[in-house]
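Novice: Given next are the chains, with one letter for each unit.
Protein chains: 2
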Amino acid sequence: MYEGAVQELIDELGRLPGIGPKSAQRIAFHILEADGADMRRLATAITDVKERVKFCSICGNVSESETCSICRDPRRDPSAICVVEESKDVMAVERTRAYRGRYHVLGGAINPIGGVGPEQLRIRELLNRLSDDAVTEVIIATDPNLEGEATATYLGRMLSTLGIRVTRLASGLPVGGDLEYADEVTLGRAFEGRRNL
Amino acid sequence: MYEGAVQELIDELGRLPGIGPKSAQRIAFHILEADGADMRRLATAITDVKERVKFCSICGNVSESETCSICRDPRRDPSAICVVEESKDVMAVERTRAYRGRYHVLGGAINPIGGVGPEQLRIRELLNRLSDDAVTEVIIATDPNLEGEATATYLGRMLSTLGIRVTRLASGLPVGGDLEYADEVTLGRAFEGRRNL
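Going down the list, the sequences are from chains A and B.
In terms of full-length UniProt numbering, the first sequence opens at residue 1 and continues consecutively.
In terms of full-length UniProt numbering, the second sequence opens at residue 1 and continues consecutively.
No lab work stands behind these hints, which were simulated from the structure alone.
Be careful, since some hints might not be right.
When chains are identical, the list treats them as one kind, so a pair holds in a single copy or across two.
Derived lysine to any residue pairs resembling SDA-like cross-links, with alpha carbons at most 25 Å apart [claimed, not checked]:
{"#": "1", "residue 1": "K54", "residue 2": "R189"}
{"#": "2", "residue 1": "K54", "residue 2": "G4"}
{"#": "3", "residue 1": "K50", "residue 2": "L173"}
{"#": "4", "residue 1": "K50", "residue 2": "E3"}
{"#": "5", "residue 1": "K88", "residue 2": "H30"}
{"#": "6", "residue 1": "K88", "residue 2": "P118"}
{"#": "7", "residue 1": "K88", "residue 2": "G172"}
Chain A on its own, in the form it takes in the complex (with noise of 0.2 Å):
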C-alpha cells in the first residue's frame, strides 16, 4: 500500500513475533519521526545480537563469550543444576533470588507434534554435566505443560538410575491469586501438593 521503504519496513517489522499489521504500522510510523540516532542504534542493536550473541559451552544459555556469566561465577553453587527449556526461563528464576545454582538450557521441550524429540534437546550435554560428581541435585523447571511435563518425566525417568536427587518445580496456586479463579488441574494440583502449617 505505501510506497517503497515504508512498505518494507512494514512488511520486515509484521514478520516479528506478536507485532500484527495495525502495530508495524504504527512502529513503522514511529521509526520515521523518531531521532535518527535512537534508529540507528536500533539497527545496531539487531545486527549487533546476531554477531557478539553465543550460547554458553557448558549450560545453553546466551552469553557474549564461550561461557556465560552464571557458569564462570566461583560463588554459585556447582552442586545443583536446575534445567529449564529456555534462556528467558534462566532469567525468570534469577529474578526470583531464590536459587543460587547453575542452569542448564535444553532449547525446548519434547513435542512429537512439532518434531522436538529427546536427541533435540540439549539432554546429552546435560548426561555429560552430571558424570562430574559434584552435582547432587537436578531440579527440573520446564514449564508447567504439556510439552514441559512431558519432558520433566523424560528426564525424571532417566535420571533416577543415576542416583541424583531429581525434584521438579511445585505446581499450585499462584501467589496474589483468587481461589476461585483457579482452573480445575492447578486448584487440584494444590491440593495434591498440600503442606502441614
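Given chain A, work out where chain B should sit, using these hints.
Specialist: Frame of chain A; chain B shown alone:
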C-alpha cells in the same frame, strides 16, 4: 539483566510504541534465533526508511520523491482535498476506494495541553493550495475525538470565508456494530445525523 548485546536490543525494542518489556524480550530472542539475512534486512529497512522517505511538498504525505504518488497522479480529482491528521489516515481513506480526490496531511491535531496550536500544523500550506481555484470542496477527516473535532471546528470557521464547500465525515454507528453496545455519544450522533429511507 541479560549480558551486553541481548539487553541492549531489549532496551531499544522496549522504546518502540506498544512494545512492553515482555514483548521486547520475546522479539529479542526471536531475532537472536532467526535467520541472519532476514534480520539484516530488518536492520536495513529501519535505516533505509530514515534515509529514503521524505514528505510530499504539496500534501505532506510520506513519499520517496519530491511529491507523493497521489499528488502526481493526473487521474485524481483536483477539485477535492481531504484533510487528515496523519499519513496513516490517507491510507485508511484510500482503503475505502470511495474517494478519488487529493489529500492534505496536517501533521497532527490542535491540542493546547500538548502544545500543538494551529501554527504547528500544515494549515498555511493548505490555504496556499486553496488559492488555486480548482478546489471546490474541502472534506475535513480529522479523528472523531476532542482534538480532531477542535481542529475541524477551527478549519471550518477559517475556510467558511473562502466560498469553498467545507464538509466533515459523518459520525454514527459503525457498520456491523451492535446498537446495544454503542456509546451514548456515538448513538446521539447517529440520531442527529439520521436520514430518510
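Novice: Under a CA distance limit of 25 Å, which applies to K88 and H30: within one copy, between copies, both, or neither?
Specialist: Between copies only: 11 Å across, 28 Å inside.
Novice: At most 25 Å between alpha carbons: which applies to K88 and G172, within, between, both or neither?
Specialist: Only inside one copy: K88 and G172 sit 22 Å apart there, 47 Å across copies, limit 25 Å.
Novice: State whether the alpha carbon distance between K50 and E3 is at most 25 Å within one copy, between copies, both, or neither.
Specialist: between (29 Å within a copy, 13 Å between copies)
Novice: From the Cα coordinates, with 25 Å as the cut-off, is the pair K50 and L173 best called within, between, both, or neither?
Specialist: Neither, since 39 Å and 49 Å both go past 25 Å.
Novice: Cα distance capped at 25 Å. Does K88 pair with P118 within a copy, between copies, both, or neither?
Specialist: Answer is within: at 20 Å inside a copy they meet the 25 Å cutoff, but 48 Å across does not.
Novice: Tell me, please, which holds for K54 and G4 at an alpha-carbon limit of 25 Å: within, between, both or neither?
Specialist: between (34 Å within a copy, 12 Å between copies)
Novice: For K54 and R189, with the copy left unspecified, which applies at a CA distance of at most 25 Å: within, between, both, or neither?
Specialist: neither (38 Å within a copy, 59 Å between copies)
In this structure, the hints that do not hold are numbers 1, 3, in rising order.
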